[in-house]
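Chains as they are written, first to last, in our numbering: chain D, 29 to 361; chain G, 29 to 361; chain V, 29 to 361; chain F, 29 to 361; chain Z, 29 to 361; chain H, 29 to 361.
It is worth saying that the hints were derived from the structure and are not from the lab. The model shown is predicted, which means the values in this text are computed figures rather than measured ones. Some clues are possibly wrong.
Note that identical chains are pooled: a pair holds if it fits in a single copy or bridges any two copies.
Straight-line distance between alpha carbons at most 25 Å, and here's what the computed DSS-like set of lysine-lysine pairs gives [unchecked claim]:
| hint | residue 1 | residue 2 |
| --- | --- | --- |
| 1 | Lys309 | Lys134 |
| 2 | Lys64 | Lys134 |
| 3 | Lys64 | Lys91 |
| 4 | Lys319 | Lys51 |
| 5 | Lys267 | Lys326 |
| 6 | Lys57 | Lys100 |
| 7 | Lys66 | Lys326 |
| 8 | Lys258 | Lys100 |
| 9 | Lys151 | Lys202 |
Here are the chains, one letter per residue:
Protein chains: 6
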Amino acid sequence: MKTYLNEIKENDQVESFFLVKDKSSGITKTGSAYLKLKLVDRSGEIEGRVWTSAETLAQSFGKDDFVRVTGKAVFFQEHLQLNITHIERMTEEGILFSDFFPTTEKDIEEMFQSLLEVSREIKNPHLSRLLQLFWEDESFVRLFRIAPASKWLHHNYLGGLLEHTLSLARLVLKNVSHYSGLNLDLLLTGSILHDFGKVDELSYHRSLDYSDEGRLLGHIILGIERVEDKIRQLPDFPKDLSMLLKHLLLSHHGQYNWGSPKRPMILEAVMLHFLDDMDAKITGIQQFIKKEVPEGSKWSAYHRMFEQSFYVPPLLEQIQVDESIEKNRSEEE
Amino acid sequence: MKTYLNEIKENDQVESFFLVKDKSSGITKTGSAYLKLKLVDRSGEIEGRVWTSAETLAQSFGKDDFVRVTGKAVFFQEHLQLNITHIERMTEEGILFSDFFPTTEKDIEEMFQSLLEVSREIKNPHLSRLLQLFWEDESFVRLFRIAPASKWLHHNYLGGLLEHTLSLARLVLKNVSHYSGLNLDLLLTGSILHDFGKVDELSYHRSLDYSDEGRLLGHIILGIERVEDKIRQLPDFPKDLSMLLKHLLLSHHGQYNWGSPKRPMILEAVMLHFLDDMDAKITGIQQFIKKEVPEGSKWSAYHRMFEQSFYVPPLLEQIQVDESIEKNRSEEE
Amino acid sequence: MKTYLNEIKENDQVESFFLVKDKSSGITKTGSAYLKLKLVDRSGEIEGRVWTSAETLAQSFGKDDFVRVTGKAVFFQEHLQLNITHIERMTEEGILFSDFFPTTEKDIEEMFQSLLEVSREIKNPHLSRLLQLFWEDESFVRLFRIAPASKWLHHNYLGGLLEHTLSLARLVLKNVSHYSGLNLDLLLTGSILHDFGKVDELSYHRSLDYSDEGRLLGHIILGIERVEDKIRQLPDFPKDLSMLLKHLLLSHHGQYNWGSPKRPMILEAVMLHFLDDMDAKITGIQQFIKKEVPEGSKWSAYHRMFEQSFYVPPLLEQIQVDESIEKNRSEEE
Amino acid sequence: MKTYLNEIKENDQVESFFLVKDKSSGITKTGSAYLKLKLVDRSGEIEGRVWTSAETLAQSFGKDDFVRVTGKAVFFQEHLQLNITHIERMTEEGILFSDFFPTTEKDIEEMFQSLLEVSREIKNPHLSRLLQLFWEDESFVRLFRIAPASKWLHHNYLGGLLEHTLSLARLVLKNVSHYSGLNLDLLLTGSILHDFGKVDELSYHRSLDYSDEGRLLGHIILGIERVEDKIRQLPDFPKDLSMLLKHLLLSHHGQYNWGSPKRPMILEAVMLHFLDDMDAKITGIQQFIKKEVPEGSKWSAYHRMFEQSFYVPPLLEQIQVDESIEKNRSEEE
Amino acid sequence: MKTYLNEIKENDQVESFFLVKDKSSGITKTGSAYLKLKLVDRSGEIEGRVWTSAETLAQSFGKDDFVRVTGKAVFFQEHLQLNITHIERMTEEGILFSDFFPTTEKDIEEMFQSLLEVSREIKNPHLSRLLQLFWEDESFVRLFRIAPASKWLHHNYLGGLLEHTLSLARLVLKNVSHYSGLNLDLLLTGSILHDFGKVDELSYHRSLDYSDEGRLLGHIILGIERVEDKIRQLPDFPKDLSMLLKHLLLSHHGQYNWGSPKRPMILEAVMLHFLDDMDAKITGIQQFIKKEVPEGSKWSAYHRMFEQSFYVPPLLEQIQVDESIEKNRSEEE
Amino acid sequence: MKTYLNEIKENDQVESFFLVKDKSSGITKTGSAYLKLKLVDRSGEIEGRVWTSAETLAQSFGKDDFVRVTGKAVFFQEHLQLNITHIERMTEEGILFSDFFPTTEKDIEEMFQSLLEVSREIKNPHLSRLLQLFWEDESFVRLFRIAPASKWLHHNYLGGLLEHTLSLARLVLKNVSHYSGLNLDLLLTGSILHDFGKVDELSYHRSLDYSDEGRLLGHIILGIERVEDKIRQLPDFPKDLSMLLKHLLLSHHGQYNWGSPKRPMILEAVMLHFLDDMDAKITGIQQFIKKEVPEGSKWSAYHRMFEQSFYVPPLLEQIQVDESIEKNRSEEE
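Whole structure, please, built from the sequences with the hints as guidance.
Below, the structure is given as structure tokens:
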């Protein structure tokens with residue numbers, strides 16, 4: 029069983045597995061080589077030192093490898109450090125990703141099944157077959173199930189993309205019939221596909237970051253390429269339908285400044301943009317509030333991207349109680 | 029029964045009622061006085077002339093009055109003109125406002141009852157009583173039922189404010205439970221109240237325009253004043269609840285540039301802003317498309333406020349049919 | 029031989045061919061049908077009327093057809109009008125496009141050969157083969173040779189895209205070696221491909237406008253699709269090279285606000301953006317100055333996109349002469 | 029008499045009173061409880077430790093209380109620390125606020141009397157009575173006299189709001205007659221009322237910060253509510269006058285981006301905005317220069333809100349002397 | 029004595045002088061040459077025709093000349109036209125500029141003397157001598173006395189620059205002592221010099237427009253050049269003082285976007301910017317209101333540069349009266 | 029010969045010369061005075077201490093002096109420190125500036141001769157003589173040869189201005205003939221003069237910073253003053269030519285926001301702006317990449333002014349090799 033880094037105390041004998049984030053070598057004052065490591069898991073990070081057989085052990089693993097480690101926790105310069113007696117590389121198979129990276133609190137399999145179910149609402153045969161092709165693409169599905177939805181703003185954890193996609197598709201189902209004239213099939217397909225490019229834009233197998241093609245091309249273009257790739261396998265897919273679908277993907281950020289090269293020009297694109305933006309904002313603020321509201325405060329820290337703080341009001345029921353107490357008190361005075 | 033201006037043809041004998049938009053007097057070459065009028069109803073406008081007894085008749089009515097008119101339609105300088113033999117002022121009682129101004133296509137009474145029903149979803153006794161006060165305020169309700177929601181952008185017709193308010197409240201009901209932690213009572217009350225200030229911001233009894241206080245103070249402030257006015261009648265209304273409600277009103281435009289002096293800082297305000305913006309945009313675009321897509325075109329005219337055109341795609345079913353026809357044709361060639 | 033519309037005078041007997049821009053029918057006072065046409069060619073437009081056999085003739089051609097016309101020019105309500113006695117549809121084969129649309133003043137074939145020559149400078153076999161695929165694609169080449177480069181700003185005439193592309197490629201050749209470390213092959217290929225999407229973004233066979241996919245997707249995306257399409261035929265094409273090339277296309281507008289979803293992140297993309305922008309601006313201003321500097325003025329009209337006027341200074345040689353004359357004159361006074 | 033924190037030296041025996049900014053408890057290595065305090069006054073802050081009777085003493089006071097303290101100053105880890113032998117809560121009555129918070133250098137009573145005098149210039153009976161109501165509202169006056177005018181930018185100290193208000197009213201008196209047609213009474217009243225909402229927007233009894241309603245509603249709305257509250261007590265107050273006055277308050281920031289939901293639309297509002305902005309900027313820069321010009325420098329530090337530095341030129345008289353010296357010197361060389 | 033164009037009626041025999049704005053020649057149906065003129069003065073413009081001796085008379089004058097004209101006013105195509113029997117060029121000497129161009133309503137000589145008087149407040153000998161050089165420069169003074177202050181926004185009439193300069197200098201005198209530490213001499217000199225470049229930026233001898241150097245360099249640079257030109261004649265003028273003075277000129281627009289290449293960095297520059305901006309805005313709005321408030325309206329037309337309308341409230345005294353009338357009326361109902 | 033600071037190791041006996049960046053005095057625990065210095069050269073900085081004869085030695089030099097130093101390097105608090113036994117001021121004559129400040133890697137004399145050569149391309153006698161005056165102005169040339177081109181963005185080292193100027197002039201020569209109608213003489217002169225004001229805007233004799241006049245007036249205005257100063261010595265210099273040249277200088281930043289008070293209005297100014305911007309950006313990015321791409325990374329650090337990172341792709345040749353290796357590998361798996 030895994031021991032988490034934030035559970036380790038001075039003098040603990042540790043035997044667990046971690047991810048190697050940094051690896052370098054040094055020379056002790058006595059002239060012998062040693063290894064300096066930074067080990068991480070979901071709960072934090074720790075410095076590691078290999079004092080014995082450093083050179084031999086160093087060959088068996090590298091940066092970004094998962095390793096099995098035996099060692100003892102000691103205090104050095106005000107920090108815990110792991111003096112490692114044995115270390116060896118592990119294959120990914122023995123690994124639970126969620127031990128190492130922040131992960132959605134929801135059940136991935138359950139969410140995925142729900143999304144498949146939502147897909148079945150689509151009646152248009154072309155759109156339906158298009159989605160089917162994605163669901164049958166195992167390598168895509170493997171990525172899609174664990175990809176995060178962003179690095180910073182919202183759903184920035186494993187499974188976040190799936191969580192956001194399912195949430196958006198459900199919002200579409202709730203809102204599309206509110207207005208006449210919006211095409212459910214087109215909008216629902218668009219909502220499911222809209223961020224598919226994020227499986228390529230982000231890299232999330234060792235640390236959450238952007239990939240080279242993510243930075244140079246962006247998830248909008250990468251998503252269109254994935255869609256185009258499937259459409260080529262559907263020779264009867266109507267050209268105009270393909271154009272509308274791509275327009276939904278292209279324009280879903282709503283504005284040039286937010287990276288959309290086109291603004292929404294059809295009603296479905298307008299609604300997709302609003303619901304996507306609302307889902308990202310509300311979920312992003314909820315995550316932020318969870319972590320960044322100091323205890324005893326009703327105000328969050330300052331959110332640098334939104335350039336503001338957020339307020340967490342007391343429950344309405346509480347408001348009434350509080351005020352009547354306060355009132356009594358002020359009447360007493 | 030009313031004859032509409034766009035039904036009148038040359039030589040028709042007309043007897044109907046109109047609104048006087050302009051009124052001035054002139055002197056004929058022979059030195060006698062005549063009246064120049066511009067008469068309007070919902071369907072258009074027409075020049076009117078009173079050649080006989082002009083001075084006497086002129087005293088009985090003024091600009092912005094409703095008048096009953098008898099006369100004959102003639103052609104003059106390429107336009108129809110009404111030579112009026114009799115004209116007299118009418119009281120508003122005999123008038124159907126919808127004969128004179130663009131009016132919602134929905135049933136006002138029905139929408140109003142639906143909104144009352146929605147109000148009953150609110151469990152919080154303070155918020156519920158606050159809304160009750162508004163519904164009991166007959167002079168407010170009379171205004172609220174016919175007020176438009178804006179001059180230009182969306183719901184710019186009689187009953188538009190009610191229509192937009194009901195639509196927004198329903199959107200709130202659909203979306204609020206999608207996220208945990210949002211307070212239904214607060215959000216629903218906020219959605220119902222959010223544009224109440226528009227009954228004062230706009231003037232819509234003779235022509236749709238902004239009132240002086242509308243221009244100088246705006247509907248956000250005017251709405252807060254109306255709300256404050258009612259809250260004063262509820263001595264137990266919690267101060268913090270009042271603060272939150274006003275924050276929803278203040279911030280519902282979402283950004284400084286769109287006239288909100290505060291940006292949304294609580295989740296309810298964030299959602300209210302998105303749904304309000306979405307409802308205004310989608311409805312505004314739908315209205316625009318109805319009027320401003322030239323026949324035979326899939327593109328609307330250029331929308332000056334949104335700085336773009338909109339595209340009206342063919343039905344998806346049609347897309348497939350069209351393309352297969354086109355394909356056959358191109359294969360034949 | 030073609031008679032141009034701006035050469036026709038009152039009472040001329042006209043026999044020539046034009047493009048039908050508008051076509052509708054009317055009823056004369058005597059109750060017989062007639063045809064109202066708007067005919068255009070490169071030099072202007074004229075109203076046409078078919079008074080005899082209108083119904084029969086109407087069936088033989090439609091809006092946007094080229095037609096051969098026989099008729100007589102008469103004055104009606106201060107404008108020339110063509111009373112047409114015979115009219116019939118023409119096939120495109122007999123047509124010189126440059127008779128109907130503004131066309132580059134340069135020789136299209138010559139420019140195209142020059143561009144082929146420039147292509148041969150590319151040594152990288154992948155990039156070279158990629159371009160080769162485009163040049164061998166006859167339907168693409170046919171479009172590319174006559175496409176305009178934009179509707180408004182610059183090179184907005186048939187052949188304009190080719191002219192701009194050749195100009196940009198030559199600028200690249202002149203500037204690339206000015207700095208060390210820029211890759212000529214990548215930059216040159218990027219400059220040739222950068223606007224290929226415009227063959228699809230614009231429609232220019234009857235009137236210069238944007239196509240549906242041009243408006244909904246834009247030439248950046250359309251261009252990437254064309255490039256992707258060819259790369260798929262080159263199984264060995266390196267993935268990283270494809271990524272860099274697409275980045276050049278994506279980022280060549282330089283800023284989000286100008287429609288690029290990514291800003292230039294490699295040096296080649298930075299230079300491509302500057303040279304493309306410079307070529308578009310300078311050529312656009314030169315075109316504008318040619319048409320929009322009133323005689324006798326050194327200042328152009330106000331350019332609405334650039335929000336300024338431009339100044340056309342006298343030749344430097346002239347400046348000296350003018351000033352010495354002026355000086356002598358003022359000394360005389 | 030108060031001892032200021034910045035006067036205390038190592039080994040001083042201290043007996044004075046301070047404000048408790050932080051309070052927490054710890055356990056010594058020997059297992060006994062102690063108190064950790066952060067004590068502040070106007071001049072700085074100091075760590076405090078209570079080693080004896082910590083638990084008992086802890087009950088007698090809390091965070092944000094004023095306390096009377098007896099103790100000895102010692103050096104610990106490069107900082108002075110107060111070892112406290114006795115500590116007890118004080119009531120506010122014995123406190124001079126200016127001992128604890130930065131305070132205006134001017135005399136508050138004198139400024140307030142001057143403002144009353146300025147108020148008497150107002151001849152319009154409604155406006156005059158309105159102001160009178162404020163001056164008679166003791167709880168308001170108590171707040172108004174000590175409120176700061178902002179947290180960061182200008183007049184950010186106790187009494188700052190009064191100082192800024194008086195300054196602005198005097199600027200109005202100096203400038204209003206410069207143009208014909210501006211109404212002195214309206215403008216003067218507006219200038220006095222314009223920031224009244226700041227008594228509620230800021231909280232300044234323990235530390236200078238924004239209140240909840242300050243953040244959620246802002247001083248513009250809070251000010252309008254205070255004004256509205258008084259106007260309700262004046263049944264004859266003309267509605268149009270109330271509208272104009274509120275417009276002045278609403279628009280005094282001049283632009284949407286600066287938090288005004290309306291821009292100035294009457295001349296009085298235009299002047300109020302300019303003079304208010306000028307007073308805030310000039311006073312803000314003067315404060316900044318006082319603190320943020322390094323010795324020997326003519327340039328201030330970088331001002332983050334204004335995004336620039338400021339230059340403090342030598343006196344003009346000095347310029348001449350300096351330069352003639354420099355000249356002589358350079359001539360000698 | 030001058031007859032103004034807006035006084036002329038049909039059949040009047042006219043003998044007066046005008047400015048020739050356009051001049052061209054035509055051929056009558058009978059084959060003889062005639063002259064087409066557009067004549068203007070301050071009050072309007074009129075078409076003129078010379079039917080007799082057109083060729084001879086044409087040689088004696090040109091476009092932009094002042095001419096003495098004899099002729100008769102006739103109606104032609106719904107407009108008055110002047111059939112001219114005699115026309116000859118006039119020298120400027122006989123001309124009152126204010127007959128031809130909009131001119132300040134104030135007395136130019138009186139304003140100029142006031143400005144001289146204000147200049148005498150400056151004690152610093154360098155600044156005082158610098159201004160003196162300008163006042164002694166006759167060709168400058170001649171231009172300065174009649175130059176307008178802008179083409180569009182404010183003081184856009186002959187004498188406007190002087191009027192604005194005097195107004196600004198007086199505002200400086202009123203406000204400078206409001207704050208400690210601002211240098212009166214520097215600020216007053218800066219205010220007088222700040223727009224001197226406008227004598228060169230605008231051309232205002234025939235029609236109000238920008239000169240070539242005005243458009244290409246702007247009044248800020250042109251003003252600095254005029255100041256630099258005078259400073260060169262003052263060898264002892266301190267270099268630092270020159271730098272500060274130029275900084276005031278450079279930065280007086282306050283922001284890059286308003287054409288200042290530097291923002292104000294000294295307090296004097298900050299105040300100069302605010303007072304200049306306030307004077308331009310208030311005066312500009314006052315001018316606009318005078319011309320652009322439709323009769324019977326309290327709202328001005330839409331001001332395109334300010335992107336808003338302005339409100340002209342009734343006098344406060346009137347407000348009370350109006351409201352009590354209204355009240356009585358509504359009570360009666 | 030100079031010893032560089034980054035070559036010094038513990039216990040080295042040092043005898044070399046440095047620049048004194050900071051100088052202050054302290055008192056040792058035993059009560060004697062000592063000197064604390066910060067010494068710098070091109071390679072870094074070091075703390076210096078003078079323990080003996082501190083007061084005497086202190087008098088012989090000051091901050092910003094070059095000094096010859098004898099001392100020994102010791103470790104103190106984890107940093108090297110120089111215990112100085114002798115220190116004395118040096119004159120600048122013995123100094124190689126490039127030992128102390130970052131300096132262009134190119135040969136200054138060679139670049140300057142190249143620029144003179146480029147100047148000779150100018151045929152217009154006025155422009156040619158104007159440049160000649162600058163080249164003959166020894167004090168200007170001395171500054172111009174070593175001035176940097178900016179503090180932050182590009183060419184921010186001694187000789188950088190010359191390097192940028194030569195680069196820009198060569199770009200002009202390469203591009204000017206690409207379009208017809210651009211005047212080579214004007215454009216080339218403009219490119220050489222365009223940043224001359226930087227010799228005054230920056231101060232670069234002891235540390236690279238902005239001068240007072242640089243901050244208050246900026247290099248655009250300072251450059252125009254230097255040009256104006258020379259033109260005054262050329263009485264025949266055409267006024268219009270001077271105007272055009274100044275327009276080029278004024279507008280070369282291209283936009284108000286980038287500090288140009290006028291935007292380019294002639295074609296030569298448009299091209300100058302683009303080429304100047306391109307040269308600054310490309311060179312700035314190249315410098316940034318050299319320093320700020322972490323080893324092993326293809327991505328630079330975040331560039332705060334450009335608000336992005338830059339990508340350094342592998343060589344194209346390398347791309348192919350890499351990918352075929354990767355391919356083989358994936359095929360093997």
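Each hint tested on the structure:
For a Cα distance limit of 25 Å, the shortest separation of lysine 309 from lysine 134 inside one copy, 19 Å, qualifies, whereas the shortest one across copies, 34 Å, does not. Neither within a single protomer nor between protomers do lysine 64 and lysine 134 lie at most 25 Å apart by alpha-carbon distance, with minima of 36 Å and 41 Å respectively. For the homomeric pair lysine 64 and lysine 91, the shortest alpha-carbon distance inside one copy (11 Å) is at most 25 Å, but the shortest distance between copies (42 Å) is not. Proximity of lysine 319 and lysine 51 under a CA criterion of 25 Å is satisfied inter-copy only: 23 Å between copies versus 30 Å inside one chain copy.
In this assembly of identical chains, lysine 267 and lysine 326 lie within 25 Å of each other by CA distance solely across copies; the values are 16 Å between and 53 Å within a copy. Proximity of lysine 57 and lysine 100 under a CA criterion of 25 Å is satisfied in both settings, with 22 Å inside one chain copy and 23 Å between copies. In this assembly of identical chains, lysine 66 and lysine 326 lie within 25 Å of each other by CA distance solely across copies; the values are 22 Å between and 36 Å within a copy. Taking the shortest alpha-carbon separations for lysine 258 and lysine 100, neither the intra-copy value of 53 Å nor the inter-copy value of 59 Å comes in at or below 25 Å.
For the identical chains of this complex, lysine 151 and lysine 202 are neighbours both inside a copy (17 Å) and across copies (23 Å), given an alpha-carbon limit of 25 Å.
The structure shown violates the earlier hints numbered 2, 8.
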